[in-house]
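Protein chains: 4
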Amino acid sequence: MSLTGFIGLGNMGGHMARNLLKNGKKLIVYDVNKTVVEQFKAEGCQVATHPADIAAASKEIVTVLPSSPHVKAVYQGDNGIFKTIQPGTLCMDSSTIDQIVTLEVAQAAALLKAEYIDAPISGGVTGAQQATLTFMVGAGNDATFARAEAVLSLMGKNIVNLGAVGNGTAAKICNNMLLGIQMVAVAETMNLGISMGLDAKALAGIINTSSGRCWSSDTYNPVPGVIPNIPCAKGYAGGFGTSLMAKDLSLAQNASTNTQAPTPMGSLAHQIYRILARDPTYQAKDFGVVYQFLKKQNV
Amino acid sequence: MSLTGFIGLGNMGGHMARNLLKNGKKLIVYDVNKTVVEQFKAEGCQVATHPADIAAASKEIVTVLPSSPHVKAVYQGDNGIFKTIQPGTLCMDSSTIDQIVTLEVAQAAALLKAEYIDAPISGGVTGAQQATLTFMVGAGNDATFARAEAVLSLMGKNIVNLGAVGNGTAAKICNNMLLGIQMVAVAETMNLGISMGLDAKALAGIINTSSGRCWSSDTYNPVPGVIPNIPCAKGYAGGFGTSLMAKDLSLAQNASTNTQAPTPMGSLAHQIYRILARDPTYQAKDFGVVYQFLKKQNV
Amino acid sequence: MSLTGFIGLGNMGGHMARNLLKNGKKLIVYDVNKTVVEQFKAEGCQVATHPADIAAASKEIVTVLPSSPHVKAVYQGDNGIFKTIQPGTLCMDSSTIDQIVTLEVAQAAALLKAEYIDAPISGGVTGAQQATLTFMVGAGNDATFARAEAVLSLMGKNIVNLGAVGNGTAAKICNNMLLGIQMVAVAETMNLGISMGLDAKALAGIINTSSGRCWSSDTYNPVPGVIPNIPCAKGYAGGFGTSLMAKDLSLAQNASTNTQAPTPMGSLAHQIYRILARDPTYQAKDFGVVYQFLKKQNV
Amino acid sequence: MSLTGFIGLGNMGGHMARNLLKNGKKLIVYDVNKTVVEQFKAEGCQVATHPADIAAASKEIVTVLPSSPHVKAVYQGDNGIFKTIQPGTLCMDSSTIDQIVTLEVAQAAALLKAEYIDAPISGGVTGAQQATLTFMVGAGNDATFARAEAVLSLMGKNIVNLGAVGNGTAAKICNNMLLGIQMVAVAETMNLGISMGLDAKALAGIINTSSGRCWSSDTYNPVPGVIPNIPCAKGYAGGFGTSLMAKDLSLAQNASTNTQAPTPMGSLAHQIYRILARDPTYQAKDFGVVYQFLKKQNV
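In order, the protein sequences belong to chains C, Y, D and V. Each residue of the first sequence is one higher than the one before, starting from 1 at the first, in our numbering. Each residue of the second sequence is one higher than the one before, starting from 1 at the first, in our numbering. Each residue of the third sequence is one higher than the one before, starting from 1 at the first, in our numbering. Each residue of the fourth sequence is one higher than the one before, starting from 1 at the first, in our numbering.
A couple of the hints might just be wrong.
When chains are identical, the list treats them as one kind, so a pair holds in a single copy or across two.
[To be verified] Okay, derived cross-link-like pairs now, SDA-like style, lysine to any residue, Cα gap no bigger than 25 Å in a straight line:
id	residue 1	residue 2
1	K22	D53
2	K201	A146
3	K41	L154
4	K234	A73
5	K234	D78
6	K72	D53
7	K234	T132
Because the hints were derived from the structure by calculation, they are not lab data. Model, not experiment: these values are computed from the prediction.
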């Protein structure tokens, strides 16, 4: 049986790789964290010294990396995938990065007779663990999508075909920009309403059945006491950190500058999360903590 | 049978008054628009020359007025309600106004042994017509709420008890501030995504099943072609105008200044809708037209 | 010799009243702070129990009060100036308040055959002490301006005739809105430049001789070490507090809402200073401390 | 006599190159615009087919290019300077580009035993014509600065030594971000003041002698009639275009993202100029036209 390559065994990638294993895939893996790599070796995986080793051994590769520079290095670096990639290889990148980098790497892959497609994910660590992720896929054509789907469906339950390469990244960036804006908006709205005399649950009740309804209010409301068992109920521990949100908002700003599409709300949310991401009080917390940043100001 | 007073027979109030009539109420009405008043007279209503005439004839009064100064004038003006109000009268105000005015008028009513409560509405002209409005009620106590509910339930299906007087206004202002922010946010997100190469429906599909999900995207998406039969499908005719949104956002800003609660997103949305509300191209359009304002900038 | 009334003997008003004394004026004074009133009594001033006593005793009155509600109370309250004001009285208000209140109080004075003009000040505590203040005067006509100038010139060196009543307030609000925006702008620009590797003094040198030149950079640069002997050189002690700036920016926002003039930068500066004004770390500091708020975020 | 290379003979570069000629330099030039190149040939310059030809013929090269990609192409492209650059060559780049590109190109030059320094300019077309430009120079060391100064001083009167390579770019980006913010701020302040009843000149007079004083108000006030002979007096023709300002503000945003320094005002100014730069009504106008964008909204 042929090998599947997997690069990036972090919070998300680790669970995703294990779901491939559970579904019978044989893996060759790489990560900069040697401890994690040893665990996968103990579970029966082959281990690579460099990304180039993966590409030499496998024609089906999944990458889950933190940011644009990491993707560039893993694919185009000195010991990167493109040094050894075989014609006909399919690279599926589930990182959230600049669309411009996605397009550049895809173009470089095409010159090497291989394919690089973007397949960023939503669903969080729980989704990665339970194989219920959504993959937003920019595969370029239906045949490539079908080939990718066969792998990705082992790690998620929603594999969305968005067409051209780059479109998966675009969709992820857009959704997360909207999410970042909405979380600040819900935080300031709840704080204003409470300052005006309203009970938090009563206000959320009105909003969630009215035109202000949104995920940041009805599923992830950042005011403690409104919704149980989410990060704000545990001191904003876990969840989606302010620095990850700041990073995703910076990708949206880069895309806005490139496309010249005005994003006034997105740029303000970016600034606010940048402030939180650098403040020791907030930087390790879930992004709902923006409510505390605003509330703290009240007497 | 005793008379119910009704002041403000505009787009919303006209339908609401008719629903009271349908449910067997006898009305005495007032409006500055004499043509509309004549219609109600033809339908069997008594007609008042001044708000003071209403208060002299009725102990149950509904008001639906455009803004804070109108409410002050109708209640506290020279021929206003408070000139003739009878002890024990219940005034139900469904206007959307400054909370500070709500509280002042309520205090003045109390000195006259009467009650003034706030009961702003959501649900739009359709809700007013079909008696499916939501009333956000700040009645102060359960007995008053019960008395108000008996009237309001003839005009709506959701009569929410929010406690203290002023709380109905607070909830309405908060929801609409959040709505205004979200509409700009959805507009700029859709425009960015389309600029990045995405199909509008595909992007909306991703958002509506992800963490960016909100009413402004899944029910009132401002991009023509995504959702049928809403204002954006008809050139942004009808719906909720940019100047009404600018007004509601200004109420939120007044509340923010009074309570000193920071509202960075709300203040930016206020500025944007103020710009649209003064521009001949946008001022008479549904508030989703902010999408065209941003999109127009693209080549 | 006739008496001059003086109401509001705070940080600014105290020095201003003393300059009138030095120039030979006989004063009747009022303040809520009884200790301060006793000092003026010891210096030979008559003392009033209420603002109404001042108006009964004097036809030339100066008021220097913290905010719109104080002005309303002192003029229109139960024991206020308008209870006893004599025809022909000239009230000169050096408070910085909502223009709409200025216009209302002026109108009320006119009905009583008296005059109320706005004469807000710039120049700070030092200017008040040394009688070098600038007065921005909205006197309505030249004769009234000349009458006011005779008094105001004993407390300042620049008495500017801006025409209609309300114009002094407008000019003060506009200048301070611009100032608030520029201070945030200089703070974020200096912080960005330093983050990019520049020396603070070298960057200020470039800006101060280029098109970015402004008072907040060349006279009041908020980065410690660039300019000596200003608040930022002393831990941001003294100077113009963040809460005063937040208040002045709220007046600008009220004016923007009333006139429907868009102020995107002013509204963002308002939000930022509101955040600082409520934060225990920043609320008692000079408004240049916004530099520390932004800088603190850097690693 | 040795040749000086000159690449980029546009609005600024053309005048700068002619000032080198006037001062006795012999030039070899390159531009994509062949008509302009022919003019310089007619004036006695040598002409190059590619940037590489310049580097082969000259060890002293000035470049004045529109944006980061142009600089990359001219230096690092297929027929670029670095293909033929001689050890000991000094490249002086007066383009305004991303600091990160400046640093990358400088590093590449160093590997080739050559020097690339940044020397962006201020002073506009008039300054270029009259050799009164300011050069903000990041030369890295005093010897290199002295060598650059000998050339740059033939084209400007202020050659500022800012130290490390990249610092010239940083200073230019910072100044122009501050300028962009201030122009919007002055425009909205003037519009607000006029809406409140003030005469434009009277308001400018107050601001220019108060703490709101800045270049955008006292030298380049965007309200027609306040200052003669600047672009706003001629329908905003000429001057510094909205699209150039949008571009410079995008460089500031890129720098903010890279350094993680929060720039709330800068990001809002960026969005506003991006909107203007894409609007047919404003895109070809001087950046003071933001006043008309805001004013137009008034009834």
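Violations among the numbered hints: 4, 5
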